[in-house]
Structure formats: structure tokens, C-alpha cells
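Please construct the entire structure, taking both the sequences and the accompanying hints into account.
Below are the chains, spelled out letter by letter.
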Amino acid sequence: MLEIKNLHASVNGKEILKGINLTVLAGEVHAIMGPNGSGKSTLAQVLAGHPAYEVTAGEVIYDGINLLELQPEARAQAGIFLAFQYPVEIPGVSNSYFLKTGLNEIRKTKGLEELDAMQFLKLLKEKMKIVEMDPSFINRPVNEGYSGGEKKRNEILQMAILEPKLAILDETDSGLDIDALQIVAEGVNKLKTPANASIVVTHYQRLLNYIVPDVVHVLVNGRIVKSGGKELAMELEEKGYDFIKDEIAEAQTA
Amino acid sequence: MEPRHTKEYYENEHRRFESNGASGSPEWMKELRTAAMASFAAQGFPGSEKEEWRFTNIAPIARQDFAYSPNTDYPALTPDAISGHAIDANEHRFVFVNGHYSERLSAVSSLPAHASVCTLASPDAHTNTELQRHLARHTDVRANAFAALNTAFLSDGLFIHLLPGAVVSSPIHIVNIAVHLPDEPAHVSYPRVMIAAGENSTATVIESFYAGDERMSFTDAVTEMTLGPGSSIDYVKIQDENLNSFHMHTVTAVQQKESRLNMFSLSLGGAIARSEMRVGLEGEKSECTVNGLYMADGSQLTDHHTFIHHKAPACASHELFKGILDGSARAVYTGKVYVDAIAQKTDSKQTNRNLMLSDTASVDTQPQLEIFADDVKCTHGTTVGGMNEGIVFYLKSRGIGGITARGIVTIGFAAEATEKIAHVSSRSMVDALVVTQLRKTLGNEVPEIVHSGKHDEKE
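Sequence order for the protein chains is W and Y.
Sequence positions in the first sequence follow numbering that gives the first Met the number 0 and run 0 to 253.
Sequence positions in the second sequence follow numbering that gives the first Met the number 0 and run 0 to 458.
Bear in mind the hints are in silico, worked out from the structure with no lab data behind them.
Computed from a prediction, not measured in an experiment: that's the story for all the values here.
A few of these clues could be false.
[What the hints assert, rightly or not] Here are some, though not all, of the chain Y residues that point toward chain W, as calculated from beta-carbon distances under 7 angstroms:
1) Tyr393
2) Ile399
3) Gly400
[Stated by the list, open to error] Partial chain W-side listing against chain Y, Cβ under 7 angstroms, derived:
4) Ala75
5) Ser93
6) Glu104
7) Met117
8) Asn138
9) Pro140
10) Gly144
11) Ser146
12) Gln181
[Said to hold, decoys possible] The following label-pair restraints were derived from C-beta to C-beta distances:
13) W/Gly144 x Y/Arg14: 53 to 61 angstroms
14) W/Asn220 x Y/Glu369: 50 to 58 angstroms
15) W/Gly144 x Y/Gln343: 47 to 55 angstroms
16) Y/Thr382 x W/Lys13: 21 to 29 angstroms
17) W/Gly144 x Y/Asp373: 32 to 40 angstroms
18) Y/Thr382 x W/Gln70: 20 to 28 angstroms
19) W/Asp176 x Y/Asp373: 43 to 51 angstroms
20) W/Pro193 x Y/Ile402: 31 to 39 angstroms
21) Y/Asp373 x W/Gln70: 51 to 59 angstroms
Note that CB positions come from ideal geometry on N, CA and C, so glycine has one too.
The following block contains the structure:
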């Protein structure tokens, strides 16, 4: 589904990603872990097409197409979804309008009929149950005045409505208490199908107790330095990122 | 400016006015008018050499001979048509046609005890005394040609008199309509409102300005308010006249101790529209918020000029003006906060933000602070920029781009200003007008505005 080859990206002239290689197959959950500043969020943003990041080398093939040539909205329409680490507040605009508009844009590109207000409301209420969101959020402005947990649930709600083929969760666990974390993780698990895939970016192993990854990658200084099964996450939790750094240092001196 | 005899024109008009329509006014009002006319004649219309008018060229107003008309009988104006401008189902609606009260079009139910509203054309004996005490006492006609001209033609308007403790829960809505018969020349009207709020009184006053046709007209309005100790006034202004109209409005408020004034100005219409809002914080611990939203497109010029004078200790003033400019529109914002030496513990914040939707629109923004006290908290800031990139990317990441994203970002920008309106039905009206305006250029996809409810404490 997704193939990242030798991806280099920089922001304001500073190189952050220094040659990422990653293959994600349909049905898989990949976790990207790494210390602060390693480039995890940058990778997520680059895949979604954030204009602040410049791709300087490499390619990203998604479903047989060159992803990097697509505008961010075209990527979303093609089935890519980024759950933001810091969801953006949009005063004045209701959650339901925002979600309905996004869904209909995506349906249009798929050649599907747009949903009308009634159809959408029914779908929205169904999906809100998955993330245990109160119906009052339907008509509240997007993310404005929401708590951290409410914002993250709203991200997963959007994911549930848009049904992406590839979901990228950027530190969705940050700032969540354990209850909110469970709700968010359960939402993600319920949305998992053999046809879609997720990339879960996280600093802590905690989230991976609830979202079990097929593959764990460790990102350090803009490169994936180690990949393994879910036990790698446990090892990181136990030993911290230093042990990886030490391994690299040893490998380099050897 | 070409040497047309603008001053002489208005002097002649004034003589005609004094001999025809306004002979019924009380003697003191006539004296007020004569003095104001002399003041206007002495200064004439302001030119761009004056600092206050540097960015606002009013030559198109001076160039035109606008006619004063006391006529209020226009078949096109019916109570039904007017009710489309209603803001609140329970409002006391006073309708003025070309500056003159129309009882036929108004809808006024009885006011609570201790509150009275009457037109300036027909004050009773008691009101006359009160009116004389307040009217034109705080508007400086010597420094403001448009206020002088309004005062020179003063004969009608509304006097809202709140005795101590009066609580008017339904809003008082003053609807101004500029309108013509096909054979009438372009009109000038002189709307005038005086609000005298006694100690601990409370009211919401809305002034709206519309056009009844697409003709050129000139509205020269003056609003004055005095807020007694502990009184509270919510004031909302809506200016949505046609694109051929000219609008000059001077609002002056004087606040005594612990009074609270919450003003909002929406400016949508007009070829040239200027609102000058002046607040004198004269009593300790008084507070004012002066907020607004202006939207202009095409070749419109919109101008807000605010002056907040902290004259007493421990007062607060908060000001947020936002502008949305498209086409070749121009906006002017001049916000001045003046803090006297005695006004220690002043808390003042002034913000002006402009969203530029086209490369050919422009804005001149000048926040100014003059502080003579040493223990104050005063900030000001101004921004001029394009769409919020964070929101744009968030929308794109959800598949929403192009004109739809533009509509959402613009609504988000506007909503941050309109959420400041405490009076809920006024806010809904302002929101609806903003959405209607944006749909003209951004299409019907532009969403309705919703608010988070954090400002909904006042129904």
C-alpha cells in the first residue's frame, strides 16, 4: 500500500528526515517510535503534505501513485488521513459542517453520491458512539474550547467518518489520561480492516498496549535504525532510547 | 477638492430647513442648531490634510448636493417589509425613514417602569428638560464637521431615558432606512440617538442602518450616551446600506463609576462608511469593550476611528476590530487610547486584525497609545495577513480545499469578532448578515456561524 524509499525532508533548510525506508502492507499496523526531535512527526506531516516541509530526495509510492505529487487535499481524497498531534481550532464552524464537507469531498472523488444532511447526521451519531462523544459536539465549533481528550476523540471521529485507507496517528496518545487513551485506542481498533493500514507515531509504549502493532520501527535522528515486532516496543519501554543509541554507536565504531 | 460651494449649499439648505420643517422645535434646540451650523460653516468638510482624515477622502460626499426630506411616506416600506430587519421577537422597534420617525412602521410595546423613549420631535415637558440637560453635551461639534452638520439639522431622533434602577430586558432597536421616490433627489438624513442611563439601569440598544433602494444617499448620524454609576449598556450597530451610499456616524459615550458599556459595530455596506466611536471613562472602575467587524469588497472604503480616554483610575477598555477585505476595497482603522496621569491601574487592550482576500485590497491601520500614568497595563497589536495556514492545512488534510476552505477560514476569522456580542439575538443577526455577505463571493457552501457558548451568559 505504501512504500517510502530513501525519503529526505527538511524544514527551513534544516534536514530532518535523512533517508527513510518503510513499506506498509494492507491490514498492517506500524508503530513509529523514537526520542523527541527524531523526526517522527515530520514523517507524519510530510506524508500528509504539510507545505512547511520540503522533500529533497526520495519517493513515496501510495497505491501505485507518486504521493508527493499530490496536493494535501488530493491525498486526503485518495484515502490518507492524518490524526493531528495538535488538532486545529476553527471558531464559528460546526463540527458537523466540517465533517460533512470533508466526507462529501472524498465521496465526490470516489464517484459516490454526496450525503444529505439527514443521512449524514445518522452516520455521525453512529460514529460518535465509537469514540463515546456526546451529541452536543455535533454543533459545537471544531475543537474550540475542547479538552485535550475531546480533541483527540474528535480526530478519531473524523477518521471513523472519512474511513481512510491509510491512517497516520501523530502522537495521538500525548496529553491523554488512561481512560481517554483506551477510548481512542478502541476507536482505532474498531476501524481496523484487512483493507486499510495505520501508522501510529508515538513516543511511549503505553499506547501500544491497546493498539497492537505488527511492526515497530525506531526512528533516531531522521533514520529508522531498528525494526522489529511488538516486543521491540517493550524493550524500549524497559531500557529507554539510550540503548538503541548505544547500539548505533557500537555499530558505527565496530 | 474642486472649489464647489459645499458649505454654502448646506447653509442654504439649513435656512430652508429652519423656515419650513423644524419650526416646532423648542427654543434651546434651535439655538443648538444655529451654533452647530456656524461651527460647520467655520470648518467645512474635512480634507485629507487633517490627520484624522488622512486615509479617508470624503470628496465624493462633498461633491454631491444631497437633499434633506422630511417625507416618511414611501409605499415600498411596509411594516411587513421592515419586520425582515427585526432582531428580537420582543424588541421595541423604532423605525426612522430618512431620519424621521415613522409610527406606522414601528412596533413598540410598553416599556418597563422607570424607562421612557420618545422622539426628539415631540418631547413632553419633563423629557424636554432632561433632553436639554444631555443632548449634544458630549459631542464636540467644533472638531467634527459631520457631527456639526447633524446637529445643525437636529429635529428628530430618539431619546432613551432610563431612570435609576430601570431594567429594560427587551432590546430597543432603532431601524434607519434611507429611501427615495423615483423622482426625488439623493437624500441626506441625520439620525440622532441620545441614551441617558441612570444609576444601575440596564438596556440593550441596537441601531441598524439599511437602504430601501439602490439609490445613492448620505447618512450622517450621531449617537450619544451617558452611563450613570453602575449602569450597563449593550450597544450594537449594524451598517448594511447599499453600495452607493455614504455613511458617517459619530458615537460618543461618557461613563461614570462602575458602569459597563459593551459596543459592537458591524460595517458591511456603503461606498464610504465611517464610524467614529469615542468613549470617556470618567468614573472609577468603569469598563468598556469596543469591538467590531468590517467587511468590504469592490471599491468600498470602510473606516473605524476609535478614541478611548481613560480619565479615572482602575478602568478597563478592551477593543477588538477585525476586517475582511476583498476586491480593491480599502479599510482604515485608527484606534487611540489615551490614559491620563490620574488613571492609574488602567487595563487596556487594543487589537486590530485584517484578513486580506485579494492582492488589490488594502488597509491602513494605526493603533495608538498615549499614556501619562505609570502603573497601567496597556497593550496594542495589529495584523494584516492572508488566511490562517494552520486551518488551511487542517482542512486540506480532510479533503477540503479551494473556495470551500476559503469560506471556512473566513467564517472562522469573522466568528472570533462576532462572538464578542453579548446579546444573543443581535449576534445571530450579525452572524447571518456576515454569512449572506460572504456567500455573494464564496458561494452557498459558506457555513452558518456557530459559537462555542462561552459568551452565552446573557440571553
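Against the structure, the hints:
For the restraint placing tyrosine 393 of chain Y at the interface with chain W, the shortest Cβ-Cβ distance is roughly 4 angstroms, inside the 7 angstroms limit, so the hint holds. Annotation: interface hint on isoleucine 399 of chain Y holds; nearest CB of chain W at approximately 5 angstroms, less than 7 angstroms. Nearest Cβ of chain W to the Cβ of glycine 400 of chain Y: about 4 angstroms, under the 7 angstroms cut. The hint holds. Annotation: alanine 75 of chain W was flagged as interfacial toward chain Y, and the flag holds, the nearest CB pair being 4 angstroms apart, inside 7 angstroms.
With its C-beta approaching chain Y no nearer than about 4 angstroms, serine 93 of chain W sits inside the 7 angstroms limit, and its interface hint holds. Interface restraint check for glutamate 104 of chain W: the shortest CB-CB distance to chain Y comes to about 4 angstroms, inside 7 angstroms, so the restraint holds. At a threshold of 7 angstroms, the smallest CB-CB gap from methionine 117 of chain W to chain Y is about 17 angstroms, leaving the interface hint violated. A cut of 7 angstroms between beta carbons decides the hint on asparagine 138 of chain W: the least distance to chain Y is about 6 angstroms, and the hint holds.
About 5 angstroms separates the beta-carbon of proline 140 of chain W from the nearest beta-carbon of chain Y, less than 7 angstroms, and the hint is met. A distance limit of 7 angstroms between C-beta atoms decides the matter here; for glycine 144 of chain W the minimum to chain Y is near 5 angstroms, and the interface restraint holds. For serine 146 of chain W, the suggested interface contact is broken, since its CB lies about 13 angstroms from the closest CB of chain Y, more than 7 angstroms. Using the Cβ-Cβ criterion of 7 angstroms, the hint placing glutamine 181 of chain W at the interface with chain Y is not satisfied: the shortest such distance is roughly 25 angstroms.
A hinted range of 53 to 61 angstroms holds for the C-beta pair glycine 144 of chain W and arginine 14 of chain Y, which are about 60 angstroms apart. For the pair asparagine 220 of chain W and glutamate 369 of chain Y, the beta carbons lie near 53 angstroms from each other, so the given range of 50 to 58 angstroms is met. In this structure the hint that glycine 144 of chain W and glutamine 343 of chain Y lie 47 to 55 angstroms apart at CB is violated, the actual value being about 34 angstroms. Evaluation of the 21 to 29 angstroms hint for threonine 382 of chain Y and lysine 13 of chain W yields a pass: the beta carbon distance comes to about 27 angstroms.
Separated by about 37 angstroms at the C-beta atoms, glycine 144 of chain W and aspartate 373 of chain Y satisfy the suggested range of 32 to 40 angstroms. Under the hint 20 to 28 angstroms, the C-beta atoms of threonine 382 of chain Y and glutamine 70 of chain W, about 27 angstroms apart, fit the expected range. Checked against the hint of 43 to 51 angstroms, the C-beta distance between aspartate 176 of chain W and aspartate 373 of chain Y comes to roughly 46 angstroms, which is consistent with it. For proline 193 of chain W paired with isoleucine 402 of chain Y, a C-beta distance near 38 angstroms keeps the hint of 31 to 39 angstroms intact.
Restraint check, aspartate 373 of chain Y to glutamine 70 of chain W: a C-beta distance of roughly 54 angstroms satisfies the suggested window 51 to 59 angstroms.
Of the numbered hints given earlier, the model fails hints 7, 11, 12, 15; all others are met.
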